[in-house]
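Which chain is which? The protein sequence lines are A and B, in order.
With my numbering as the guide, the letters of the first sequence map in order to residues 1 to 802.
With my numbering as the guide, the letters of the second sequence map in order to residues 1001 to 1446.
For the record, the hints were derived by calculation from the structure and aren't laboratory data.
Since we're looking at a predicted model, the values are computed, not measured.
You may find that some hints are simply not true.
Label pairs and their in silico Cβ distance ranges [stated by the list, open to error]: (1) A:A789 <-> B:Y1144: 54 to 62 Å; (2) A:G3 <-> B:G1155: 50 to 58 Å; (3) B:P1194 <-> A:D715: 44 to 52 Å; (4) A:R127 <-> B:P1194: 35 to 43 Å; (5) B:H1378 <-> A:G109: 51 to 59 Å; (6) B:P1194 <-> A:G11: 54 to 62 Å; (7) B:L1186 <-> A:A85: 33 to 41 Å.
Just a few of them, taken from the derived set where beta-carbon distance is under 8 Å, the chain B residues facing chain A [unchecked claim]: (8) A1223; (9) D1227; (10) E1352; (11) L1376; (12) A1388; (13) A1391.
All residues carry an ideal CB built from backbone N, CA and C; glycine is no exception.
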Amino acid sequence: MRGGVTLTVDGKEVTVPKGTLIIRAAEQLGIEIPRFCDHPLLEPAGACRQCYVQIEGQPKLATSCTVGVAPGMVVKTQNTDETVAQAQEANLEFLLLNHPLDCPICDRGGECPLQDQTIAYGPGDTRFIEAKRTFVKPIPLSPLVNLDRERCILCARCTRFCDEISGDRFIELFARGAGERVSIAAGEDFESPFSGNTVQICPVGALTAEPYRFVARPFDLSTVDSICPHCSAGCNVKVDVRRGEVVRQLARSDYDVNDAWLCDKGRFAFRFPDAPERLTTPLIRDRGLEPASFGEVLTQVAGRAAGARVAILTGGRLMDEDYYALSKLARTVLRTNDLDHRRSPGAGEAERYVAAQPLSVSYKDVERAKVILVAGLDAEQEIPILHLRLRKAAARGARLWVLHPRRTRLHDVAAHILTSPEEAARLLAGEGPTGNAAFDEAVGALRDAGEDAVVIAGERLAGPAGGAEEAMALAFDAGARFTYVTRRANDRGALRAGVHPRLLPGGRTSADGLDEVEAVWGPVMDREPGRDARAILQACADGDIDVLFLVGVDPLRDAPDAALALRALQNVPYTVVQSLELGSLEPFASAFLPAAAFLEKTGHVTDWEGRGQMLRPVRGAPGLSRPDWEIAAGLALACGGDLGFETLEQLHEEMARLLGPRPITLALPPREDPASASASASASEGLALVTYPLLVDEGRLSERADELKAALEPDAFVEVHPEDAAALGIADAGRARVRTEAGEAELPLRVTPHIAPGTVFVPFNQPGLAANTLLSGTFDARATLEAVAGTAAEAVGDEVSA
Amino acid sequence: MSLEFEPRLTRDWDDPSVATLAGYVAKGGYGALRAALEMSGADLIQVVKDSGLRGRGGAGFPTGMKWSFVPQDTGKPTYVTANYDESEPGTCNNRELAERDPHRLIEGTAIAAKAIECHLAFIYVRGEYLWQGMVMQRALEEAYAGGYLGKGIAGSDYDLEIVLHRGAGAYICGEETALLNSLEGLRGEPRLRPPFPAVEGLYASPTVINNVETLMNVPDIVARGADWFRSQGTEKSPGTKMFTISGKVERPGNYEIPMGTPFRVLLEDLGGGVLHGRALKAFTPGGSSTPLLTAASIDVSLDYESIAEAGSLLGTGAVMVMDDTDCVVEAAERMVRFYAHESCGKCTPCREGSWWATRVLGRLEDGLGRERDIPLMHDMGTNFLFRAFCALADGTAAVITSSLEHFGDEYEEHVRLGRCPLRAPDPQAGTDPDALAMAPPSEVAS
């Protein structure tokens, strides 16, 4: 190894990179040194004193978690040195003095580092006859996290996580000596969307998660590795199942993806597949919706689809396999390009680029970048683990800029450029100085960093104002890496498979690479781009579609135009719903096909990086429910076609032929002189309404995660800049009425300087407002605000958290 | 035996006017600073190195060498911090030094600052030293007004600010890295070393932290030279040293003596001997965290090397004298209780071990000891000596191991008699060890 350091541990030689800690070097040799405060992703603390080793030539024992290796170092662990073994045993004796030893009723019992290491390295008996220290317990730090101070061994992993990793410093060590304890400011809640990580890394049962409290013993659980279904972070998880029911989800370490972390939504919103409304039998509408066999339903659907005008809408959380099958079904059997997984107009060539270029930017690229521009993305709320990686990059010295309508939780590590979507698009399109000093500084830094610079464009740049293509052009112009990130777990997989009116698999179009698709699929009938999601709904409403497939999507909730979605469902003659349940779609469904949940099938999901990760079933699919791709293949047969695969192996073989990375030629928008760029927005009336989903909302996947919602779900609100509030005369109002072309809503008013002037924000789906009632087909609109008479603002500081 | 020498640190103690700027300057004060401002940093460091001055805070590290570790090319500012967090039980000599002669501390700090190109220095005074903090603050204000601090000090083009920072009452903040944490507004907990403060100290910048007495020796060294400084004391421990003698002694107080003076001189000539002429039983040579010595060591020389040879440490020069009516177990309990109370809580052996040791020692003293408690105490001493995060627990261990070493019999007698042999039997005392439910540190959850 170049620059390696060679040392011996317990007589075994090992070569490790310079700067490696002794405890890590020992791990490489398979030598276990007991430890509590040490965590590979936290700075060394040396607090618990459990990991003593003897370094030859040194008079004192050393803690192996704090001392780096040196050439020729000779280290002895408890395996080969009596003093070390004695010191470790003595330290465990100290740790256990005040520990309540309530293992039989502790959630951690059976998987507890203190318990395990005491058995392995500790004293068999106690010499302690005094009374133990007692504390009031448990103390709820939030509706999710409980603190038991008697069990706590003060390793400070939790407080260091909050300090070093999440930056959400809600908890801290208070007092000193034997009275030292973890605490939180009076009246505060542990309101961090990463709070659950502290529970997972607690080496004892001091921090416990309310949803798992007294629920199971580890030896009653079966654990399966999986991928989190919520956002596009692609977090590796362990799903713990007891008698077929998911009772816990934990982070699984993967240093290429989520490190060892998980957001609280990923950790605690796991009950949705077990909803009582779950349907596991195909249904067909005769007099009412009645159970039928798969064959019966597919035959009827095929009959209706034959020669008809068909459209397919999907959600963003199916598997790669499902998307591929649906893409092929649409193009080769149903003969339509009217299919879409998106909800917004899309990001044009930026979508085509990421569909063709998996891993154009990876987590590691973010972590190692020197300059990062995040545009149109609220990472903490939309892709929380990417947010942690951005913080990690900042901690490693990267310079960060965030171009967004609202301040994000990166505010302590990134310069924020708060602008309306139109202004963001104008800045990104600019060639040369834009007149925005912060933005120009960011562009200069991007240019200077070149390959070490990353531009991340989020969905806020996929609105009508655009910006994603401009961001891509800017990145390439500066020599930086670029990616366009979407929020839902497998939006990226859908994009790659071509569940898209214009894109075929791998970012191909009828003008680029059609021959490669046809070589695998046979002739693609319709070569004209199809309708996007909004146009499909409009066509349904206008009577231009005969059969509408809704696969894992509910347009009434998800489409950014609730009224249009309703008209579409009322006017389309035949609607096929393929999902876990019917919910609000029940009155409109002509046929229902029960799909297997992510827990119940084998497949892949593609995270925001473009990394495909495999899931295995945690349990069998209930009832007659089947994976979506199998249903698609069955429908193809019923239609007299054939998708050409009956097994996953066949499917994967075919996917591999079309979904690899491929070079593409992009049609980039021209760089504009910012001076001549039209300032179209200023001419419009009212304020620019911006809306996007917050992490914990009324979405279907958070259903029944009551503790999570109690901890982290804010009620709906409307946010506006003080200047606008003053101009509108609403600065002192407690509530405001938001009015758009589509509708109006009365909401608590937050006046905050942390939003761009001229912009108004409402969260997409919080209790009190489904914001799609304010929208006309895209996630932005023009809005007017007025005070609701008789309401007064509460005295609040300028800190407004989402 | 009598002691004749020229007092240095205490030479102006009879003149209250030296506490003022005018009085200090009248005695030649700030002359050394003027000289230092004409010298290069390297020359200043060299003269301090040549003087052989060693840190008076306890460890005895050579001061000039400490200054020379400060890198000058980091692009970061450098800092000097005077450690005036004098908190060791039995020690109050920094207090009297700086109280009577505050400008000498300012001058020493300013010279140290000049030596390492520092323009912002701190005096960290322990929170309980309320009056002393006020004295220091007044002296700083005088020094600013007199042009000895601020822009262009003492007529030079060198700028220096000195900020007085009050601690919040934690013994651990006398540990230099915990002091830095406290200065930065963080929890008073020691930091991991390396990086050492000389490289990454205050605000991650090169920092020198010196004890008050160390810094107060500096002006004379600069003014009169290294050879003059070495004219008193021993070869390896040159200069004079302040001792605080307390406990069972006729004339407790602060005394300056040349390094290497026999303990007997301090006790008998200066301290007037053991109180009421009783017999010397034991003493701490350098504060409660240094191992106890017994009457057998009465002729030990008070310098770093000789005391180390006798099995203890010079520490902060706090001599606590015990006579033959004092119970060692009780004394140990009292001292260990102090360290349990002052443990910062960061690391296990110190936090839990000193808490436990306090309880076991309390039980022994109360006559509730068991035979196996004595090997237990032996183990405890071993189990936190050199195994904790910082040296605080080493002090705790020193009390336990040295008292057991010298007075093992007395411990055993406590167990055998079921009471303290030096106390009258208490008819109320219980006998069941398990009945002794130790009151927990009362914790009310927030």
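Hint validity - B:A1223 Cβ closer than 8 Å to any chain A Cβ: violated (40 Å)
Evaluation of the interface hint that places B:A1391 against chain A, nearest CB under 8 Å: With a minimum Cβ separation of about 11 Å from chain A (threshold 8 Å), the hint on B:A1391 is violated.
Restraint outcome when B:E1352 is required to lie within 8 Å of chain A by C-beta distance: Constraint on B:E1352 satisfied, holds at 4 Å.
Pairwise beta carbon distance, A:G3 to B:G1155, judged against the given window 50 to 58 Å: With Cβ atoms ~53 Å apart, the hint holds.
Range hint 35 to 43 Å (beta carbons of A:R127 and B:P1194) holds or violated: Given range 35 to 43 Å: holds, Cβ gap about 36 Å.
Outcome for the supplied range 51 to 59 Å, where the beta carbon pair is B:H1378 and A:G109: Cβ of B:H1378 to Cβ of A:G109: about 34 Å, so the range 51 to 59 Å is violated.
Status of the B:L1376 interface restraint (C-beta, 8 Å, chain A): This interface hint holds because 6 Å falls under the 8 Å limit.
Hint check: 8 Å Cβ-Cβ cutoff, B:A1388 to chain A: holds (7 Å)
Distance restraint evaluation - B:L1186, A:A85, Cβ atoms, bounds 33 to 41 Å: With a Cβ separation near 35 Å, B:L1186 and A:A85 satisfy 33 to 41 Å, so the hint holds.
CB-CB spacing for A:G11 and B:P1194 relative to the 54 to 62 Å hint: With Cβ atoms ~27 Å apart, the hint is violated.
C-beta pair B:P1194, A:D715: status relative to the range 44 to 52 Å that was hinted: holds (50 Å)
Hint check: 8 Å Cβ-Cβ cutoff, B:D1227 to chain A: Hint violated; B:D1227 Cβ to chain A Cβ min 35 Å, cut 8 Å.
Of the numbered hints given earlier, the model fails hints 5, 6, 8, 9 and 13; all others are met.
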